[in-house]
Amino acid sequence: MRWVETTTTVRFNEVDQWGITWYGHYFAWFELARMKVLEKFSLLPEQFTALGFIAPVASARCEFKKPARTNDIITIQTHLLKPQTASLTFRFEILLRADGSLLAKGETLQVLQKLDGTLIYKLTGTLKDLVEAMVQYFWPD
Amino acid sequence: MQTHLLERNYLLANLKELIVRTLRLEDVSPEDIIDSEPLFGEGLGLDSIDALELVVAIEREYQVEIPDAEVGRRAFASVSALGDFVLEKSSAQKASDAVG
Chain A
1 MRWVETTTTV
11 RFNEVDQWGI
21 TWYGHYFAWF
31 ELARMKVLEK
41 FSLLPEQFTA
51 LGFIAPVASA
61 RCEFKKPART
71 NDIITIQTHL
81 LKPQTASLTF
91 RFEILLRADG
101 SLLAKGETLQ
111 VLQKLDGTLI
121 YKLTGTLKDL
131 VEAMVQYFWP
141 D
Chain B
1001 MQTHLLERNY
1011 LLANLKELIV
1021 RTLRLEDVSP
1031 EDIIDSEPLF
1041 GEGLGLDSID
1051 ALELVVAIER
1061 EYQVEIPDAE
1071 VGRRAFASVS
1081 ALGDFVLEKS
1091 SAQKASDAVG
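Residue numbers (the numbering used here), protein chains in the order written: chain A, 1 to 141; chain B, 1001 to 1100.
Simulated from the structure, these hints should not be mistaken for lab results.
Since we're looking at a predicted model, the values are computed, not measured.
Keep in mind that a hint or two might mislead.
[Said to hold, decoys possible] Sample of chain B residues lacking proximity to chain A, with all beta carbon distances greater than 12 Å (derived):
1. 1028
2. 1059
3. 1065
[As the list claims (entries may be wrong)] Each computed DSS-like pair below joins lysine-lysine, with the alpha-carbon atoms no more than 25 Å apart:
4. A/82 - A/40
5. A/65 - A/128
6. A/40 - A/114
7. A/114 - B/1094
8. A/122 - B/1089
9. A/66 - A/128
10. A/114 - A/65
11. A/122 - A/40
12. A/114 - A/128
13. A/65 - B/1094
14. A/105 - A/66
15. B/1094 - A/66
Virtual Cβ for every residue (Gly too), placed ideally from N, Cα, C.
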C-alpha cells in the first residue's frame, strides 16, 4: 500500500483570528494533494471531461487533531482505497513536517458521472484503464 | 405458469435479502420491503452511493449488469421491477449463450 506526499506552507490568509487554520482550508489541501495524484495518472478534471465524464465529490470528512499555524510546513499524504464500486475514495493525512505530528486526517468520495450528470455504475474503456493504473500504483501486488 | 410465479416470488425474496445484507440496513428486514415500493428517494430511501454497492452485488449474484443510472432508473424502480429486470437480462444472457 503506497502513499503520495505533497508539501505546502500554511499562508497567513488561511488562519483565523485565533491564529489557527480555518477548518475549511484542510479540504483545499486535500484537493491540492489529490490533484497531484490525478495528474500522475492523466485524470485531471479536464482530462476527465475530454473522456466524457466528471468526478464530483459526493462526501468528504475530516478529523482535526492539532491546529496548523501560519508558516507551518505541512505534508499531505494521499492514498487511494481499493475501489469496491464505481467510485474513487482518497484518504488523506496531514502532518507537520517539523516533528511529523498528525494535524488532520480525512477522506473524500468521488462518484463518476457522464457530462449530462448520469451516474456511472460501471467503468469501461479508457476511463477504466486509467483508474486501474492508478489502483495498481497504490496497491502494487 | 405457476412455476414461473413461484420462481419470480423466490427471486424477489432473494433480492430483498440481498438489498438488506449489501446495504447493511439495520432498521429494515427483507419482509418489510414492499414489492412495488420505490427503492430510492421515497419508499426505501436509498441513495446513489447505495446504488453503486447494489449494482456490484447484483452482478456478483446474478451476472446481470446495470451500467449506469439511466438503466438503473428502470431496474431500481422497485423490487418488483428489479426482479423483472434480472429475469429479462438473465434469459437474454442464456439465449445468447445458447446461440454462441
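Status of residue 1065 of chain B, Cβ more than 12 Å from any chain A Cβ: The claim breaks: residue 1065 of chain B does not keep its Cβ more than 12 Å from every Cβ of chain A (closest is about 6 Å).
Restraint check for residue 1094 of chain B with residue 66 of chain A, where alpha carbons must lie at most 25 Å apart: violated (59 Å)
Pair hint outcome, residue 65 of chain A versus residue 128 of chain A [Cα-Cα no greater than 25 Å]: Roughly 36 Å between the alpha carbons, so the hint for residue 65 of chain A and residue 128 of chain A is violated.
Residue 66 of chain A paired with residue 128 of chain A [C-alpha distance capped at 25 Å]: Distance ~38 Å between residue 66 of chain A and residue 128 of chain A Cα, so the pair is violated.
Straight-line alpha-carbon gap residue 114 of chain A to residue 128 of chain A, limit 25 Å: holds (14 Å)
Residue 65 of chain A paired with residue 1094 of chain B [C-alpha distance capped at 25 Å]: violated (55 Å)
Hinted pair residue 114 of chain A and residue 1094 of chain B, Cα distance within 25 Å: violated (30 Å)
Outside-interface status for residue 1059 of chain B - nearest CB in chain A farther than 12 Å: violated (8 Å)
Proposed proximity, residue 40 of chain A with residue 122 of chain A (alpha carbon, max 25 Å): holds (23 Å)
Pairwise hint evaluation, residue 1089 of chain B against residue 122 of chain A, where the allowed Cα distance is 25 Å at most: Satisfied, since the Cα-Cα distance of roughly 16 Å is no more than 25 Å.
Assertion that residue 1028 of chain B lies farther than 12 Å from chain A (Cβ): holds (21 Å)
Pairwise hint evaluation, residue 40 of chain A against residue 82 of chain A, where the allowed Cα distance is 25 Å at most: The given pair, whose Cα atoms are some 18 Å apart, holds under the 25 Å limit.
Of the hints listed earlier, those the structure fails to meet are numbers 2, 3, 5, 7, 9, 10, 13 and 15, in rising order.
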